[in-house]
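J.: Given next are the chains, with one letter for each unit.
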Amino acid sequence: MSKALIDIIKQKFPADVLESHSQRGDDTVVVYAARWKDIARFLKDDPRADMSMLIDLTAVDYPERTPRFEVVAHLYSLSKGHRLRLKARVGDQAGTSVEIDSVADLWASANWAERECWDMFGVRFKGHPDLRRILLYPEFEGHPLRKDYPADRIQPLVPYREVPNVDKVAPFRADEGMSFGRQTFASGPSTDDDDVN
Amino acid sequence: MPSFKLDDIDIPFEPGDTVIRAAQRVGVDIPHYCWHPGLSVAANCRMCLVEIEPPPGRPAMMLDVLAWDAEKHEYVPQKKPKLQPACQFAAADGLVVKSQSSQHATRARSAVQELLLLNHPVDCPICDQAGECRLQDYWLEHQHTKKRMKDEPVHKPKGVVFGPTIVYDAERCIVCTRCVRFCDEVAKDPVLSVRERGNLNEIVVSPGRKLDHPYTLMTEYVCPVGALTAVDFRFKARVWFLRSARTVCVGCATGCNSFTDFDPRTQEVYRYRPRENKAVNQYWMCDEGMLDHRRIGQGRVLHALVGGKPSQRDAALARAADLFVSAPPETTAVVLSAEHSLEDNFALLELARDGLKTQNVYFTGRAPGQGDNVLRDADKNPNTNGVKKLAPNAKPFAELVKAADEGKLTHVLALGSQAPADATALGKIKHLVALATHEGPFQAHAAIVLPAASWAEAEGTFVNRQGTTQESERAVTPRGDSRPAFRWVHELRLALDRPPAWKKLGELRAAMQPASAAATGARP
Amino acid sequence: MEPIDQELDPAEIELPAEPMLLNVGPAHPAMHGTVRIVMELSGESIERCDVQVGYLHRGFEKMCERGTWTQVFPYVDRCNYVSPMLNNVGFALACEKMLGITVPERCQWYRMALGELARMSDHLTCDGAMAMELGAFTPFLWMIKGREMIWDLMEEETGARLTHSFGRVGGMAHPPTAGFKENAKAVTTHILGIIEEVERLLLGNRIFLDRLEGVGVVSAEDAISLGWTGPCLRACGVAYDVRKSHPYLRYDEVEFEVPVGQAGDSFDRFMVRIAELKQSASIVRQCIERMADTGPVNVTDPRVILPPKEEVYSTIEGTIQHFKIVMEGLKLPAGEVYAYSEGGNGEMGFYLVSDGSGTPYRLRIRPPCFYVTGGLERVITGAMMADVVPSFGSLNMIGGECDR
Amino acid sequence: MGALKETSPDVLATGAGEGFVTTKFNDLLAWAQKYSLFMYPFVTACCGMEFMAVSSPRYDFSRFGSEAPRFSPRQSDLLWVVGTIVQRQAPILRRIYEQLAEPKWVLAFGTCASCGGFYDNYACVAGVDKIIPCDIYVPGCPPRPEAVLDGLMLLQDKIQRGDRRPAIVKPRADPAQDQSLGLVQLRRSSTRPAV
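In the order they appear, the protein sequences are chains A, B, C and D. According to the numbering used here, the residues represented by the first sequence are 1 to 197, in order. According to the numbering used here, the residues represented by the second sequence are 1 to 524, in order. According to the numbering used here, the residues represented by the third sequence are 1 to 404, in order. According to the numbering used here, the residues represented by the fourth sequence are 1 to 195, in order.
Bound conformation, chain A alone:
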């Protein structure tokens, strides 16, 4: 559909397009991170592209690659009805200096999307109004969606209760389950054991 779109970008920024392909009908352009914002602005303003919406912005982590991260933006043009996937590759192996320009002043939707991207991947967006964590709490260390973050490493905010067996569901014996005969006035634990364990 918007194969033409790729050509427009290519002839406008011949030196800055790393690669481009149309997989399964999705047109993708990978550009140099340095020109990320320029190309985004061009796509927004150019009448042929007229990308009025930033549908989504996220990142993908490829730990074995350098640059390690792919920042992926999905653009959509309400007037033209065409879409484009814009990608840029950023970041070193350690993932300490991952930086790319913010497009929050082009599309307001980028504001939260970039905050989430920073929160989840640690991609730092230069020029973002306030780059805080959004889904996780400020005390959280690390960026969970990176492949090297173990999925179950929790960072509790409140200390867990000092109760034995609190790490598993409380031990439910036969008399602790639902007492089906409603022995309302029986004192002490009910004694019927017709519930299944």
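The set of hints was computed from the structure by calculation and includes no laboratory data. Please note: incorrect hints may appear among the correct ones.
Said to hold, decoys possible - Pairs of lysine to aspartate or glutamate residues, derived as DMTMM-like cross-links and limited to a Cα-Cα distance of at most 25 Å, are as follows: (1) K80/A x E257/C; (2) K278/C x E196/C; (3) K80/A x D210/C; (4) K147/B x E328/C; (5) K150/B x D301/C; (6) K146/B x E255/C; (7) K158/B x D123/B; (8) K3/A x D16/A; (9) K147/B x E202/B; (10) K147/B x E310/C; (11) K82/B x D17/B; (12) K503/B x D481/B; (13) K309/C x E276/B; (14) K309/C x D137/B; (15) K244/C x E255/C.
Fit chains B, C and D to the given chain A structure using the hints.
T.: Relative to the frame of chain A, chains B, C and D by itself:
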């Protein structure tokens, strides 16, 4: 180099190669059951059928077949090319082979696969092969059709005990005869053979015999389906839960390359599998080695012992340091072990040289056992060569016993668990500190025992009988308080206030390089 | 982020002079338990505000990278838990786009019918809760009654009231039941009746109108720039509906309109949902008319779809097929795809990255709520304190989808 | 308690006869408590939808006297934890629990609140009993309203019995034993047409 075309891929080959072997060498897989690179060609599974283009100018060899015509609702004569088994067809220069690209070949494979599954029982849920079974993989890749046969499948004996290690299930068997050929060609003990024919045929053991040669488990390994199962692994684990580490077998001096399959959740080692290495073990391992994983759990020293009583590891370490801090060099000795990796031995040797300033270096190891001219070596230590080259002037165990007997030794730091000969004299040593993985003479006579991690619980480098240096990965986490011996040495040197130059394993290996390089020569 | 309740030093024990800092939520009835708004008030009007989400961030995307593609369905169910079926269908469509397969026609109609029913339950819940938060409790009860009907139908079809996990790659878990068409007809009739009642009850109500009309106005430009989609965008007069603009399934063969508002205020958002309820009802009608009573629902490729249980237990082929798909997971070809469909709150997109294995390498859901809620700050800044509740309610923020 | 009609003195002496209910004061108190549970719904996630359903006329838990929702913890004595509690939410829940006035009970609504469910990851608290004591666990993802009502009744029993041990709502019959469900034997006669 001559080459032929397989599905438009140029495949170089060496004279005498078959199509499938040449293809496998460059990583192109032609489906096969009966063919095994280490065995002779049987060409009886017909899974590897390929279409061979006739040489230019020659007519193709065609067969007349009757094909069912759905519209006409009758059989119509058709011509189809004669397919050739790739495992038997000799590669020739300029040959044009069509495997996936030939619809005749793909249809033939689908049919073969369907035939093989015709009488197959619904066993996947209780089959140990499930998850690494050729029948499953090839069904997905080459057949993926539903069952058409409505009849009751043929029933054959299940759970036939072939020997102490192998159980046979005739219903799952596709009679590829890999096991038969293995026993015949590699183990040199033709104890298996095929009985009956057609869908009734099955593998049998020769009358009056058992499948009990030293390589029985290889028959299970070569079995592409779940027909042969190892008693050792039966119903123990599901393979898709297991992870593999690339290790080296420490059963003997051969140093067969192996995979150590373990469950990451329980950190239990379940089995070894041979790892292909043309230079060392080709594709095989011996039963002894395959079952060696049991030793990881048996008779281990898991906690530090002081005077035979369990103790905190730090306390034990402190005691050991006290012993050696003021040890007279002339009556102090260290004992290297051919059971342990170069890293452990090198660390200990370094300690003797720089830490304890002693020249008394002995070495020990497991007692020799049986060997043969297939794989097994009489020397049951994985690292004899390594230790020899590491410390050429290390004295043998006999002299250690002698010196101990004469009371020449007061302080001895000994690596390793087993002794090749009678070791009662070790009891005469006043202060014997043992870095032992297993119970044994050293652990028995030692004043202090520090639990060392076994081969599966630590990275290590071993030099096999050919002088090849091979690195073995860590599979599981050390059990109990045990830790790699070189770590113990490191901590001991810290406690002695004579710290080594290295901290991490990498640094240790770097420090070791010249020594091991001298020891080994080139690495494969 | 400032602490949950900040320590006031004794000097300002008496209420501070303005601006006054007010913290609403997350445990506030109007905040759906998962949003926190820190407002700087001067008197009644909001000078500045900071909308804080993430109180329901459950690590959806991380969890998806642990199982097989099929095991993602329960998670997407719980993203937008008011219309789970739409998520199911959306994710199934994404995977099918990756595989390059299309489901049989009957399944497409089935998916559309179920999806529209889910959309109806979504809008019913949103409008009902909105009315309740404005003090009109009766419409809430009526609409929940209507939603119960839909859920009963869903339970009949899928076996679960709310979280169905009914979608499958390449089809559905089950073909429609025998009584599906009658039930769907009956349900839609009832719900249209309920909507009329609600309209009669609310739209003549001065209080209700005054609290909605002209409140929480968003201009079309803002909405587009904020990435709004769905009812909230349409309320601003932008007729963008994925079902019309980029028809998927069979939406190009059914007749329906895309209702749009003019003012872009809370009232328009309310009315757009009401109108869409009627549209969805008619779509459901058309779907069950067009849907065949017999015929395949799932694709036939055994590498994608699970075999029927009878085969699994009786034939080795079935066992192997089941085994391969369950243990290793169906394999999606390596690559990436962005598939989008109209969710309850707008364009629900799935960005899949596959490395060719049975496990997702990266699964990103494009949550409409997230971007809609991102605009809340712009909506309520400068508004009155009391307008927060209707504005926020009309955005229909779904915690599970916004925070994931 | 019936009105006191003219009665013979021995009735007054023994307390026998009609018009009297004799009981322990604690039982009376418990009886009053269990039928006047003021609830604080801490609704976060999917289960909130079912919570709406339970509170709506069809299932209507006000029949059990736990009708009045109080959005101030200080006025309520039953804390419904409805839905997943994530690490970021935990301090708030903890504080709200602390603000509840005694006697107070906690009902974990749904699997996530009970044990974390299948959200076994960096973000979620694996069950509210990690941070606050919990009286009733209602499994289900989300639980059916009937299960919730079971939980409510179970809580009332426990209040009556003065039993503060945690309890879980269990199925009234073991599905595996219920042949009519056809779960244990191969479902050859499916009610559905074959695919």
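J.: If a hint holds in the structure, say so; if it doesn't, say that too.
T.: Here is how each hint holds up against the structure:
{"no.": "1", "hint": "K80/A x E257/C", "result": "20 Å, holds"}
{"no.": "2", "hint": "K278/C x E196/C", "result": "10 Å, holds"}
{"no.": "3", "hint": "K80/A x D210/C", "result": "38 Å, violated"}
{"no.": "4", "hint": "K147/B x E328/C", "result": "22 Å, holds"}
{"no.": "5", "hint": "K150/B x D301/C", "result": "22 Å, holds"}
{"no.": "6", "hint": "K146/B x E255/C", "result": "40 Å, violated"}
{"no.": "7", "hint": "K158/B x D123/B", "result": "11 Å, holds"}
{"no.": "8", "hint": "K3/A x D16/A", "result": "17 Å, holds"}
{"no.": "9", "hint": "K147/B x E202/B", "result": "23 Å, holds"}
{"no.": "10", "hint": "K147/B x E310/C", "result": "12 Å, holds"}
{"no.": "11", "hint": "K82/B x D17/B", "result": "21 Å, holds"}
{"no.": "12", "hint": "K503/B x D481/B", "result": "20 Å, holds"}
{"no.": "13", "hint": "K309/C x E276/B", "result": "40 Å, violated"}
{"no.": "14", "hint": "K309/C x D137/B", "result": "21 Å, holds"}
{"no.": "15", "hint": "K244/C x E255/C", "result": "10 Å, holds"}
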